[in-house]
Each structure stands twice: as C-alpha cells, then as structure tokens.
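Student: Listed below, chain by chain, are the residues.
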Amino acid sequence: MTAESPVRPVTLTMAKKTTTVYDVTKHHLVPEHKKLSEKDTEELLKDYSITAKELPKILSSDPAIQHLDVKEGDIIKITRENPHSGNSLFYRRVTNG
Amino acid sequence: MHKELEEYKGKLPDKLLEEIEEKCPAGKLKKVVAKVYEEYEQARVDPGEAVGLVAAESIGEPGTQMTLNTFHFAGVAEMNVTMGLPRIIEILDGRKEISTPMMEIYLKKPYNQGDGIKDVAEAIRQTPAGEFVEEFSINVVDMQIDVRLNKERMKTAGLTTAIVTKQLEKGLRDANVKVKDDDIILKLKSKDVKGLNELYALREKAKGVYVKGIKGITQVLPVKRKGEFIIITAGSNLEKVLELDFVDTERTTTNDINEILNVLGVEAARTSILNEIDKVTEAQGLNIDHRHIMLVADTMCASGCVKGITRYGVVSEKSSVLARASFETPIKHIVDAALVGEVDYLNSVVENVMLNQYVPIGTGLPGLVTRQIKKKE
Numbered sequence: 001m002t003a004e005s006p007v008r009p010v011t012l013t014m015a016k017k018t019t020t021v022y023d024v025t026k027h028h029l030v031p032e033h034k035k036l037s038e039k040d041t042e043e044l045l046k047d048y049s050i051t052a053k054e055l056p057k058i059l060s061s062d063p064a065i066q067h068l069d070v071k072e073g074d075i076i077k078i079t080r081e082n083p084h085s086g087n088s089l090f091y092r093r094v095t096n097g
Numbered sequence: 001m002h003k004e005l006e007e008y009k010g011k012l013p014d015k016l017l018e019e020i021e022e023k024c025p026a027g028k029l030k031k032v033v034a035k036v037y038e039e040y041e042q043a044r045v046d047p048g049e050a051v052g053l054v055a056a057e058s059i060g061e062p063g064t065q066m067t068l069n070t071f072h073f074a075g076v077a078e079m080n081v082t083m084g085l086p087r088i089i090e091i092l093d094g095r096k097e098i099s100t101p102m103m104e105i106y107l108k109k110p111y112n113q114g115d116g117i118k119d120v121a122e123a124i125r126q127t128p129a130g131e132f133v134e135e136f137s138i139n140v141v142d143m144q145i146d147v148r149l150n151k152e153r154m155k156t157a158g159l160t161t162a163i164v165t166k167q168l169e170k171g172l173r174d175a176n177v178k179v180k181d182d183d184i185i186l187k188l189k190s191k192d193v194k195g196l197n198e199l200y201a202l203r204e205k206a207k208g209v210y211v212k213g214i215k216g217i218t219q220v221l222p223v224k225r226k227g228e229f230i231i232i233t234a235g236s237n238l239e240k241v242l243e244l245d246f247v248d249t250e251r252t253t254t255n256d257i258n259e260i261l262n263v264l265g266v267e268a269a270r271t272s273i274l275n276e277i278d279k280v281t282e283a284q285g286l287n288i289d290h291r292h293i294m295l296v297a298d299t300m301c302a303s304g305c306v307k308g309i310t311r312y313g314v315v316s317e318k319s320s321v322l323a324r325a326s327f328e329t330p331i332k333h334i335v336d337a338a339l340v341g342e343v344d345y346l347n348s349v350v351e352n353v354m355l356n357q358y359v360p361i362g363t364g365l366p367g368l369v370t371r372q373i374k375k376k377e
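Those protein sequences? They're chains A and B, same order as listed. Letter by letter, the first sequence follows residues 1 to 97 of the working numbering. Letter by letter, the second sequence follows residues 1 to 377 of the working numbering.
There's no promise every hint is true.
Claimed, not checked - Just a few of them, taken from the derived set where beta-carbon distance is under 8 Å, the chain A residues facing chain B: (1) S37; (2) T41; (3) Y91.
Unchecked claim - These stretches of chain B come out as covered by chain A in the derived footprint (C-beta under 8 Å, 3 or more residues): (4) 158-169; (5) 261-274; (6) 292-304; (7) 361-373.
It should be emphasised that the hints constitute simulated quantities derived from the structure, not laboratory data. Using N, Cα and C, we set each Cβ at its ideal position, and we do this for glycine too.
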C-alpha cells in the first residue's frame with residue numbers, strides 16, 4: 001500500500017545493541033554520516049525548494065548512525081566517495097518506520 | 001588551488017578541477033576551465049529527462065547478451081559463484097536469500113602473511129559433529145548409539161568432550177546425551193521406539209549437529225591477493241565474522257546485500273549493490289555506464305532499506321493506484337484502492353499514459369503561466 005495509509009502512531013523504544021566490538025563507521029563500504037544542524041537543514045530545503053518529506057529516508061535503527069544520537073525528522077548528510085566523479089553529497093531523513 | 005579555478009568550485013566536480021590543475025599549463029588555465037565548464041553544462045541531463053527509461057534500456061540491452069551459467073571457483077570443487085543474468089536478477093529483486101552467498105575475509109597484520117592461515121580458516125568454518133566422530137556404533141540390545149570421538153581431531157580444533165556433549169544436547173532435542181568413559185551415548189527420549197529406523201535417523205541428525213566455527217560458513221579457501229592472504233568462503237555471516245579478533249573489520253565484505261544492510265546500514269548496502277552489479281558486468285565483458293546503476297541502487301535504497309524492483313518492493317511504494325496496477329496484478333490493486341477510497345493525483349507518467357494525457361516528462365513537464373495585461377481603457 002501507499003506510504004500515507006492511515007496507521008495509528010505507536011511509539012516504540014528499541015533496545016540498542018551494545019556488544020559491538022567493531023566500528024561500523026570505519027568500514028570501507030560505509031561513507032561518512034553527519035547530522036545536519038537546524039540552520040543547514042533550512043538552507044538545504046530552501047536550496048532545492050523541497051520539503052523534508054521528499055528526501056530519501058534512513059531508519060533510526062540504521063547501524064551507521066547509531067553513534068550520532070539522532071531523532072526522527074533529523075537530516076543526515078552523507079559524503080559519498082565515488083571513484084568515478086569524486087565526492088558527492090547525499091541527504092537522508094531519519095524515520096522510525 | 002589556482003585563483004582561476006576557485007570560482008568554478010561547486011560548479012564543476014572536484015575531481016575535474018584537480019585534473020585540470022594537474023594537466024594544464026598555468027597560462028592557459030582560464031581558457032581551459034571555461035571550455036570545460038561549457039562542455040560540462042552541455043553534457044548534463046536536462047530537467048525532465050526520462051532517466052529511468054534510459055537506465056532501463058541501458059541495463060536491459062547488455063542483459064540480453066549475458067550468459068546464464070554459474071562458474072566454478074578456481075581452487076576447490078563444489079564452490080560455485082552465481083554470475084551473469086541470474087545474479088543480476090537476484091540483486092535487483094533484493095532477494096533475502098541469495099543462491100551463492102560468499103565472503104571475502106581480510107585478516108589483521110600477523111595473520112595475513114600466510115603463517116598458519118589454514119588454522120585460521122578452519123576456525124571460521126562451520127564444523128558439524130560428524131567430523132569429530134571416529135565411529136557411531138548402534139547398540140541394538142540397549143537401543144542406543146555409542147559415539148566414539150576422534151581425540152586427535154578434537155585436539156587440533158581445541159575441543160573437549162564436554163563441549164561436544166553440550167552441543168549435541170542442544171542440537172538433539174529428542175535424545176538423552178550421556179558421557180560414559182570417553183564415549184558419548186545417545187538414547188531416544190520417547191519410550192515407544194519401535195524399530196531401528198529411529199536410531200538411524202538420530203545418527204544422521206547427530207552427524208549434522210553444529211559444534212564449532214561460524215554458522216553459515218560451509219567452505220573456506222585461503223588465497224593470496226595483492227601480496228596478502230585473504231579467506232574466501234562459501235556461505236556468509238558478516239555479523240559473526242566481524243566479531244572475530246583476527247579479522248580486518250574495515251575491509252571484510254560479503255556478497256549478501258541484505259546482510260550488509262543489517263550490519264552496516266543502507267548506504268553500505270547501496271555501495272554494495274553498485275559493486276556487485278559492476279562485478280557481474282565486468283566478468284561478462286559488458287559496459288554499462290555507472291550512472292544508470294547508481295540510479296537503480298538509489299531507487300532501491302530510498303526508503304531506508306533495500307527494496308527490490310518487484311511488485312512487493314519499489315513498485316508497491318508508488319503513490320498512484322493506476323501506476324501500481326499497470327505493473328503486475330492489476331485487479332488486486334484496483335480492488336484494494338476502491339475499498340479504502342484511494343485518490344490518484346495523476347502526478348506521474350504511467351497513469352497519464354493510460355488516460356491519454358500529457359506525460360510529465362521533458363516538454364510535458366512545465367506548465368504554462370500567463371500574465372494578463374489589462375488593456376488601458
């Protein structure tokens with residue numbers, strides 16, 4: 001069904017995994033993830049003239065952003081390293097879904 | 001960076017600017033960079049271009065030339081790799097279970113030089129109880145199985161009778177496991193054992209019980225690559241392998257995209273989709289532009305998890321009823337939409353094609369805005 005189907009909102013707190021001995025962020029497949037400040041978020045949305053809802057999503061349980069202390073609605077700035085065209089920026093909105 | 005190049009920062013990719021600075025004499029820099037910028041602007045995709053369609057064609061055409069086979073891995077028998085079209089389909093469908101999961105395990109410094117690499121590899125492999133057993137003898141009188149263990153093999157693997165017993169207990173729910181002297185005795189729990197069939201079945205089950213190693217890794221193969229030893233495995237378990245202390249956690253990967261998603265996140269899964277498709281096209285000698293694959297990978301990962309290009313994945317995310325119905329199982333979608341009273345805003349392509357309207361692509365995208373000038377009276 002569509003993303004906008006009427007569903008009763010339920011708040012769930014997930015227990016975070018604590019026994020990771022390895023650092024996910026250092027893995028060569030994982031690009032740099034950064035939380036965007038409120039001011040930068042505003043600028044970004046104005047720059048592309050979009051709303052936050054139109055951005056691609058990232059789950060709040062995503063392993064690559066566990067060290068960032070994020071909440072729903074935050075924007076994550078991702079610096080992708082591409083061997084073909086150098087670095088490029090990508091943005092994702094945090095969701096709980 | 002040069003002054004002339006500075007003003008193009010942000011307009012041109014950094015990599016291009018670096019290349020210009022490196023290869024161009026300083027005197028002609030300004031002219032060259034202006035020309036490059038002009039060319040770059042012309043090469044850009046126009047707004048409203050149907051990039052998805054172009055990507056579909058560009059991936060689909062080489063796909064017709066792909067082979068349909070799986071390849072044997074050099075080195076060991078029985079180690080296959082799914083390649084060619086089946087692998088592409090598997091990746092793009094976002095399958096949870098892939099047909100030949102594989103890992104490339106990189107090792108930390110002293111281990112990657114080759115000393116004792118066999119022991120390291122053996123430690124990773126999932127080993128069933130059957131490999132540590134000298135003999136299963138079936139005792140018909142007492143209706144039990146006497147298991148004599150192979151002490152030598154257990155010693156090299158660092159196992160004790162107690163560990164094996166514990167694993168057998170865990171693995172065999174319907175049997176009592178007892179230790180007598182150095183042997184292990186298996187007895188069926190249920191009283192009404194009619195024939196020997198149950199005992200034989202128990203023996204086969206006991207052979208396959210997991211005792212050691214990492215679950216899922218069925219075969220290991222140490223190989224030398226670029227001056228260091230790595231371990232290639234059949235079967236995959238990224239999470240457990242990364243927890244081992246001799247494994248290089250920064251470079252070790254798997255070809256199971258779903259596993260990467262769970263352990264390393266969406267962005268890593270996206271990169272992995274690109275890498276895996278590149279691997280196939282390269283092996284087949286095909287040339288698909290990287291940007292088409294990037295578009296597909298981005299679409300698959302837009303929702304925060306990996307969605308395949310199937311009616312259960314990406315297509316089910318479409319907001320338009322008609323667009324969904326046009327893909328597969330149309331009646332189901334239309335009936336479901338009618339039941340909840342869904343509204344179709346006709347914002348996209350397919351639904352407008354169906355209704356014989358202008359498609360919002362290319363010149364169909366912009367609307368016409370007029371400003372009325374009032375006539376002077």
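Student: State the violated hints by number, sorted upward, taking the hints as numbered earlier in the document.
Tutor: 1, 2, 3, 4, 7
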